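These protein sequence lines map, in sequence, to chains A and B.
Counting with numbering that gives the first Met the number 0, you get residues 0 to 288 for the letters of the first sequence.
Counting with numbering that gives the first Met the number 0, you get residues 0 to 430 for the letters of the second sequence.
Mixed in with the good hints, there may be bad ones.
[Stated by the list, open to error] Here are the computed lysine-lysine pairs in the DSSO-like style, where the Cα-Cα straight-line distance is at most 30 Å: (1) LYS282(A) <-> LYS416(B); (2) LYS282(A) <-> LYS105(B); (3) LYS427(B) <-> LYS392(B); (4) LYS392(B) <-> LYS282(A); (5) LYS282(A) <-> LYS29(B); (6) LYS282(A) <-> LYS95(B); (7) LYS26(A) <-> LYS81(B); (8) LYS29(B) <-> LYS95(B).
By construction, these hints were calculated from the structure, which means they are not laboratory data.
None of the values given here were measured: they were computed from a predicted structure.
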Amino acid sequence: MNKKTTDTNEWLFEITPKNKLLALNLKEVWQYRDLLLLFVKRNIITAYKQTILGPLWYLIQPLFTSVIFTLIFNNVANISTGSVPPFLFNLAGITIWNYFTSCFSGTSNTFSANAGIFGKVYFPRVIMPLVAVISNLVRFGIQLFIFMAFFLYYYINGAAISINIYVVLFPVMVLIMGLLGLGLGMIISAMVTKYRDLNILIGFGMQLLMYISAVMYPVSYFVEKLPKYAWVVKYNPLSFVIESVRYMLLNTGVFDVSMFIYTLITTIIVLFLGIIIFNRAEKSFIDTI
Amino acid sequence: MSKVILKIENLSKQYRLGLVGTGTLGDDLKRWWANIRGKEDPFLKIGDVNDRSTKGSSDYVWALKDINFEVQQGEVLGIIGKNGAGKSTLLKILSKITSPTTGSIKSKGRVASLLEVGTGFHGEMTGRENIFLNGAILGMTKKEINGKLDEIIEFSGCERYIDTPVKRYSSGMTVRLAFAVAAFLEPDILIIDEVLAVGDAEFQKKAIGKMQEISKGAGRTVLFVSHNMAAVQSLCTRGILLENGMISFSGTTEDTIAKYLTGNKETVSDFSEFKDRSGKGNIIFTKIILGNPQNPTSVFKLGENIGFHFDFVVNNKIDTNKLRILIGVYNEREEGILRFDSDANANLAMNNNLINGKISCIMEDHLTIMPGKYSVNFALFNDGIMEDYIAGKVLFDVVNDNYLGGSKTLDNNSLAKVLYRHKWTLNKISN
Numbered sequence: 000m001n002k003k004t005t006d007t008n009e010w011l012f013e014i015t016p017k018n019k020l021l022a023l024n025l026k027e028v029w030q031y032r033d034l035l036l037l038f039v040k041r042n043i044i045t046a047y048k049q050t051i052l053g054p055l056w057y058l059i060q061p062l063f064t065s066v067i068f069t070l071i072f073n074n075v076a077n078i079s080t081g082s083v084p085p086f087l088f089n090l091a092g093i094t095i096w097n098y099f100t101s102c103f104s105g106t107s108n109t110f111s112a113n114a115g116i117f118g119k120v121y122f123p124r125v126i127m128p129l130v131a132v133i134s135n136l137v138r139f140g141i142q143l144f145i146f147m148a149f150f151l152y153y154y155i156n157g158a159a160i161s162i163n164i165y166v167v168l169f170p171v172m173v174l175i176m177g178l179l180g181l182g183l184g185m186i187i188s189a190m191v192t193k194y195r196d197l198n199i200l201i202g203f204g205m206q207l208l209m210y211i212s213a214v215m216y217p218v219s220y221f222v223e224k225l226p227k228y229a230w231v232v233k234y235n236p237l238s239f240v241i242e243s244v245r246y247m248l249l250n251t252g253v254f255d256v257s258m259f260i261y262t263l264i265t266t267i268i269v270l271f272l273g274i275i276i277f278n279r280a281e282k283s284f285i286d287t288i
Numbered sequence: 000m001s002k003v004i005l006k007i008e009n010l011s012k013q014y015r016l017g018l019v020g021t022g023t024l025g026d027d028l029k030r031w032w033a034n035i036r037g038k039e040d041p042f043l044k045i046g047d048v049n050d051r052s053t054k055g056s057s058d059y060v061w062a063l064k065d066i067n068f069e070v071q072q073g074e075v076l077g078i079i080g081k082n083g084a085g086k087s088t089l090l091k092i093l094s095k096i097t098s099p100t101t102g103s104i105k106s107k108g109r110v111a112s113l114l115e116v117g118t119g120f121h122g123e124m125t126g127r128e129n130i131f132l133n134g135a136i137l138g139m140t141k142k143e144i145n146g147k148l149d150e151i152i153e154f155s156g157c158e159r160y161i162d163t164p165v166k167r168y169s170s171g172m173t174v175r176l177a178f179a180v181a182a183f184l185e186p187d188i189l190i191i192d193e194v195l196a197v198g199d200a201e202f203q204k205k206a207i208g209k210m211q212e213i214s215k216g217a218g219r220t221v222l223f224v225s226h227n228m229a230a231v232q233s234l235c236t237r238g239i240l241l242e243n244g245m246i247s248f249s250g251t252t253e254d255t256i257a258k259y260l261t262g263n264k265e266t267v268s269d270f271s272e273f274k275d276r277s278g279k280g281n282i283i284f285t286k287i288i289l290g291n292p293q294n295p296t297s298v299f300k301l302g303e304n305i306g307f308h309f310d311f312v313v314n315n316k317i318d319t320n321k322l323r324i325l326i327g328v329y330n331e332r333e334e335g336i337l338r339f340d341s342d343a344n345a346n347l348a349m350n351n352n353l354i355n356g357k358i359s360c361i362m363e364d365h366l367t368i369m370p371g372k373y374s375v376n377f378a379l380f381n382d383g384i385m386e387d388y389i390a391g392k393v394l395f396d397v398v399n400d401n402y403l404g405g406s407k408t409l410d411n412n413s414l415a416k417v418l419y420r421h422k423w424t425l426n427k428i429s430n
């Protein structure tokens, strides 16, 4: 049975129980690039079919959240946003934060949401998280557009806001957000398939995470008020990105280069961990789902 | 020499049964602990043979155990077996949907699998958009699909609806469109699971025709799973029979099907305690055997002779004078095909002291009815009064065994009921 056969032609591929730790087959993902784009197209086309407001829903959610945040945190709790209008301050934070959460949740339920299709056909599973990250980019773009509209409105009305030169790094910030969402989502996704408890945990975990990610306050404010726990916010890569985005778009806060490098390294580590865990899960999840 | 394109070695797959709940975390930890110390997975040693109907001793079962086979290029391999024999698990492993527990699969070609038609179809998108999406899911590039788009639409027969959202389609149209996409896949190895069970008769015929074209014309390797023996017979060049997760037979398509059909049924039918019968019941059948009493069977090849063998008992002493037995053979459409009547040429006279006996009826001519499934009804009369009647409980299959002399397999979808050996001649007239 184990005798070596004389025919030594190359096997195209081999299926075995275990695969390599970091078997991210980029070549295969590239072969399926059309599928990736078609899935993105499908998500965009079908997201708001048969709704009255359609893509307007993309705008309503961040606008309403910003209004509520402005009322609660700035008017009731009196958190100062400096010279920047609080509404604009919150809108900037929420827009980039939303991109992170949508990438994260899109990735974390990859296996359970696609169990039907994964159970019937093979394609690189990592396509689905990538689809989530890319199709959310469209949504993010629309939300960014509405932010710019409000920015212009405030600017014309004489608010002390300006776009910073660091805005050239803005795409990098968006990329970091997407990759963090992807990486963290992939880490969780493997466990969600087996232990559904995590789905519940994710819901309120995200809420808690938002409070320590400097979405509705400047990092400096937190450091000043709660110096003992300041590290929670300071070393949270998410709050760095949100703070930097506000710095770029509204010229408020700071941009710390050493923190930038720290965030980049964290993102890469999270992403690699995510890929390793995702790869382990994708081989056998269909039996446990 | 033909080339091995797919090689499966010692393939096994273990599943855990029952609820996935608190036990899993514990087992996971044990596995993890064993893994850390570099030991073997403790759960690999246990596990029952996968027999659906019996209760096992362990929560772990082997859905597949030590599967070894090779597939040559251009071969159409039929994989048959009962429900739960492991067919679908095997296909899932081959198409990389789930991974094996042990063993390996080596392949020299691109594999595309068709375990379901219309995977990923989205009701809100139009037929055309779905063709692209479904094609891409099955592994085609946009360019390939673009090149075949017209052919796909034509094959599906849904041209008129192609720019309508699929949710407005009838279910049959959805299936047609989905199969049309799959039919134009061009992998080296195509894996197909039961997908022909859908659609109307015309479409099934078209689908089988297309698959024959794919396998014969283009020399593609196909692995085909089905319960439709007619489809397996007309498509496959070789068969594998799976039983409880193991290969129990491998050989020509005909032999494999015969093995499957025989193993599937009881060949000796004990009717002594049987309740679902009619008639007065003074004399009843206790046993009905097909084939010959030493070697009962329920599968007959074309050209064989069928024998019916009955045991009967007389329950109440009555005036017995002359018995009459009627045997009716019906096809799957419940159409009467054969009739054997003892009154036609025999005289089964009895004397009053008889308490039990045996009766045999053996066909003297070759069996020439169409291959397929048949059921038999039996009636027993005494002096014109029906004493026992058993309907639809004895089944047999007729399989083709090159009776007509050609190598061509028969088209079982045909409405014909009887076959005859025949000869064709062509007289060349030239001037």
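Hint by hint, here is what the structure shows:
Of the pairs offered as hints, the one joining LYS282(A) and LYS416(B) is violated, with about 49 Å between alpha carbons and a cut-off of 30 Å exceeded. With a CA separation close to 17 Å, the supplied pair LYS282(A) and LYS105(B) stays within the 30 Å bound. Annotation: proposed proximity of LYS427(B) to LYS392(B) is violated, straight-line Cα distance about 53 Å (limit 30 Å). In summary, the hint linking LYS392(B) to LYS282(A) is not supported, as the alpha carbons are separated by about 46 Å, beyond the 30 Å threshold.
As the CA atoms of LYS282(A) and LYS29(B) are separated by approximately 20 Å, the hinted pair is consistent with the 30 Å bound. For the hint pairing LYS282(A) with LYS95(B), the CA-to-CA distance comes to about 8 Å; that is within 30 Å, so the pair holds. Using a Cα cut-off of 30 Å, the hinted pair LYS26(A) and LYS81(B) is violated, with the two alpha carbons roughly 39 Å apart. A threshold of 30 Å between alpha carbons decides the hint, and for LYS29(B) with LYS95(B) the separation of about 27 Å falls inside it, so the pair holds.
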